[in-house]
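Q: Residue-level listing of the chains:
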Amino acid sequence: MPWYLYLAIRQLFPSGRKFPFFTAISVLSVALGVALLVVVLGVMGGFGSQIRKMIVDTQGDVQVRSSSFIVHPHKVLAEIEKVPGVAAATPFAEGVVMIENHNKPAYPSIEGIDVNRIEKVIPLRKYIRAGSLDDLDDDSTILSYELADSIGAHLGSHIEVYTPLILEKLKRDEIILPRVLKVVGILEIGHQQLDSSVMICTLRTMQDLYGLGNAVHGINIRLDPGVDADAAAARLNSTFPADSGLQARSWYQINKDFLWVLQLEKNMMLFILLFVVLVAAFLTMSLLLVLVLKKTREIGLLAALGAERREVALCFCLQGVAVGVVGTVVGLGLGFTLLHFRNDAVELLTRFTGSQQVLERFYQFSQLPAHSDPRDIVIIVVSAMVLSTLAGLVPALIASRMKPVDALRSE
Amino acid sequence: MTPMSGPIISAHSLVKSFPSGDGRIEVLRGVDLEVAPGESVSIRGESGSGKSTLLNLFAALDAPDSGEIAWDGSPTLSPRRRSALLGIVFQSFYLVPELDARANVLMPSRIAGRVDREARARADELLAKVGLGGRLHHLPNQLSGGERQRVALARALMNRPKLILADEPTGNLDEHTGETVMNLLLSLCAETSTALVLVTHNEGHAARTDRQVRLHDGRFVPVA
Numbered sequence: 001m002p003w004y005l006y007l008a009i010r011q012l013f014p015s016g017r018k019f020p021f022f023t024a025i026s027v028l029s030v031a032l033g034v035a036l037l038v039v040v041l042g043v044m045g046g047f048g049s050q051i052r053k054m055i056v057d058t059q060g061d062v063q064v065r066s067s068s069f070i071v072h073p074h075k076v077l078a079e080i081e082k083v084p085g086v087a088a089a090t091p092f093a094e095g096v097v098m099i100e101n102h103n104k105p106a107y108p109s110i111e112g113i114d115v116n117r118i119e120k121v122i123p124l125r126k127y128i129r130a131g132s133l134d135d136l137d138d139d140s141t142i143l144s145y146e147l148a149d150s151i152g153a154h155l156g157s158h159i160e161v162y163t164p165l166i167l168e169k170l171k172r173d174e175i176i177l178p179r180v181l182k183v184v185g186i187l188e189i190g191h192q193q194l195d196s197s198v199m200i201c202t203l204r205t206m207q208d209l210y211g212l213g214n215a216v217h218g219i220n221i222r223l224d225p226g227v228d229a230d231a232a233a234a235r236l237n238s239t240f241p242a243d244s245g246l247q248a249r250s251w252y253q254i255n256k257d258f259l260w261v262l263q264l265e266k267n268m269m270l271f272i273l274l275f276v277v278l279v280a281a282f283l284t285m286s287l288l289l290v291l292v293l294k295k296t297r298e299i300g301l302l303a304a305l306g307a308e309r310r311e312v313a314l315c316f317c318l319q320g321v322a323v324g325v326v327g328t329v330v331g332l333g334l335g336f337t338l339l340h341f342r343n344d345a346v347e348l349l350t351r352f353t354g355s356q357q358v359l360e361r362f363y364q365f366s367q368l369p370a371h372s373d374p375r376d377i378v379i380i381v382v383s384a385m386v387l388s389t390l391a392g393l394v395p396a397l398i399a400s401r402m403k404p405v406d407a408l409r410s411e
Numbered sequence: 001m002t003p004m005s006g007p008i009i010s011a012h013s014l015v016k017s018f019p020s021g022d023g024r025i026e027v028l029r030g031v032d033l034e035v036a037p038g039e040s041v042s043i044r045g046e047s048g049s050g051k052s053t054l055l056n057l058f059a060a061l062d063a064p065d066s067g068e069i070a071w072d073g074s075p076t077l078s079p080r081r082r083s084a085l086l087g088i089v090f091q092s093f094y095l096v097p098e099l100d101a102r103a104n105v106l107m108p109s110r111i112a113g114r115v116d117r118e119a120r121a122r123a124d125e126l127l128a129k130v131g132l133g134g135r136l137h138h139l140p141n142q143l144s145g146g147e148r149q150r151v152a153l154a155r156a157l158m159n160r161p162k163l164i165l166a167d168e169p170t171g172n173l174d175e176h177t178g179e180t181v182m183n184l185l186l187s188l189c190a191e192t193s194t195a196l197v198l199v200t201h202n203e204g205h206a207a208r209t210d211r212q213v214r215l216h217d218g219r220f221v222p223v224a
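First to last, the sequence lines map onto chains G and U. In this text, residue positions in the first sequence follow UniProt numbering: the first is 1, and each later residue adds one. In this text, residue positions in the second sequence follow UniProt numbering: the first is 1, and each later residue adds one.
Each statement offered as a hint is correct.
The following label-pair restraints were derived from C-beta to C-beta distances:
(1) G:25 - U:203: 46 to 52 Å
(2) U:6 - G:25: 51 to 57 Å
(3) G:13 - U:26: 43 to 49 Å
(4) U:174 - G:409: 23 to 29 Å
(5) G:2 - U:174: 36 to 42 Å
(6) G:379 - U:192: 54 to 60 Å
(7) G:409 - U:26: 14 to 20 Å
Partial list, derived from the structure: chain U residues whose beta carbon lies under 7 Å from chain G:
(8) 56
(9) 62
(10) 82
(11) 88
(12) 96
Since the hints were made in silico from the structure, they are not lab data. Cβ coordinates follow ideal geometry from the N, Cα and C atoms, glycine included.
Use the sequences and the hints to build the structure in full.
A: Here it is in structure tokens:
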């Protein structure tokens with residue numbers, strides 16, 4: 001082992017001392033910065049990943065819509081299913097209704113689904129918290145759980161549904177009674193906005209409620225695993241006649257702006273939090289500068305013993321590198337441990353502050369998601385290492401420029 | 001290659017000055033000295049007479065304003081060659097506080113890139129010779145002043161140098177301990193045929209060397 005590496009290690013971890021304060025403080029500062037980055041970017045990545053998954057789960061990989069309605073959905077469905085890469089497709093109709101249960105009103109989004117096809121495209125069954133998707137028929141509905149809570153509905157409740165069509169008929173002095181649907185399922189998607197405002201019924205019921213006839217608003221498509229959604233959307237568009245008004249868009253294209261904002265938010269967070277690592281690097285630098293000043297005579301001695309200037313510089317620079325390496329490793333460990341126990345930590349925190357519901361309301365999810373992108377980890381590791389090395393470089397240059405005789409004479 | 005019979009160090013017309021206020025103060029004003037292999041030379045003089053400055057020039061830790069120095073026949077001394085040719089003993093010991101006695105002694109060998117079983121055995125042997133065979137793993141702060149200087153002495157001899165430069169090696173020690181260290185220094189140099197340049201205030205110590213010189217007003221003057 002070269003002497004400068006040996007001495008760097010011995011100065012960081014001196015023998016005979018139980019606890020190396022200088023090293024511990026430097027390593028801890030880098031570790032905290034790295035851990036903070038890992039946790040924040042992990043949670044941010046989790047939010048992004050959860051949102052992407054939710055979008056794909058609830059919309060499919062590709063969505064086909066028409067400039068008005070898709071009047072002959074079965075014909076379009078047959079065309080879509082011929083396209084390579086398409087695994088399944090299901091039509092839907094959507095809108096907004098007013099519902100009422102024991103004089104408690106709500107204004108949810110309603111989606112009519114084809115019960116025979118839906119599960120090939122959207123894994124709806126896994127989101128059913130109570131009741132069953134099998135019980136959904138033309139006289140029943142499934143409510144998201146917060147929506148059901150807000151109107152006091154539960155399994156077996158009968159709710160009244162008012163649609164814009166009723167208002168149209170009222171204008172023509174026709175008296176139409178609201179449609180009564182039995183609640184046969186309670187849904188929990190895990191996204192607060194959806195869990196408080198979604199109502200599901202059969203496609204036929206929705207077509208009745210909105211007077212659509214056989215028409216639908218769109219078709220959700222599930223692709224075979226590994227098929228690129230943008231490419232599949234392009235293939236679908238090429239098969240549609242030009243005058244059909246049909247347009248296929250991938251989930252990414254539909255939510256492009258929103259996903260861009262998510263990415264921007266994450267990148268900004270990375271940029272801002274890198275300053276924490278920068279501060280840690282400055283702390284390491286200042287501690288190493290103190291060490292250089294404290295060891296001025298030793299630097300002179302090393303020169304007297306035959307050390308080259310660059311070796312003296314390396315001795316101090318390596319201490320910065322070592323602090324960076326150990327701090328990054330400890331920080332990664334700490335960060336991933338915190339990420340692993342994130343939900344316990346949040347639960348503990350919210351139990352003390354009584355803010356569980358507030359958290360769900362504002363952060364949309366019932367569990368704190370986490371997803372660490374390997375690219376983020378590489379950026380964190382490289383940044384911490386580069387900054388720590390630079391932190392060691394300044395004291396190293398100062399040490400190497402000392403004249404041995406001046407260093408030995410210093411008080 | 002340099003002939004073995006030539007001086008281990010030769011200095012001619014050395015001049016060295018330092019900035020002082022608006023001008024410069026001349027500390028060495030034309031110093032000549034040659035030290036033969038195995039010879040011991042003591043340099044005495046008042047404080048500020050330039051003894052330590054001369055020693056720093058001999059150690060190539062500083063450069064003269066003018067004049068020439070040759071180390072074993074060569075006018076240049078790279079750090080690595082200094083490590084092989086010279087051993088230096090300072091008044092203030094200058095041990096690395098994080099390293100134990102054995103690691104401190106091994107340091108010149110480590111810097112020269114030679115740390116093997118043989119080097120460790122030599123370090124242990126040298127520490128035993130200076131009476132610290134039982135304190136190999138003691139840190140400097142666990143040793144007395146005299147013991148630290150003995151470690152520094154062993155360190156100076158580690159690379160089997162041809163010349164030891166000792167700058168008031170007993171200056172920070174009491175009389176008895178200083179005597180012990182001086183005995184060791186002189187006996188080890190004699191035993192290993194290592195030349196010695198000893199800077200000292202102590203007349204008695206100086207008298208034990210082969211040759212005495214005295215620095216006064218930046219020049220060597222005859223010893224009274």
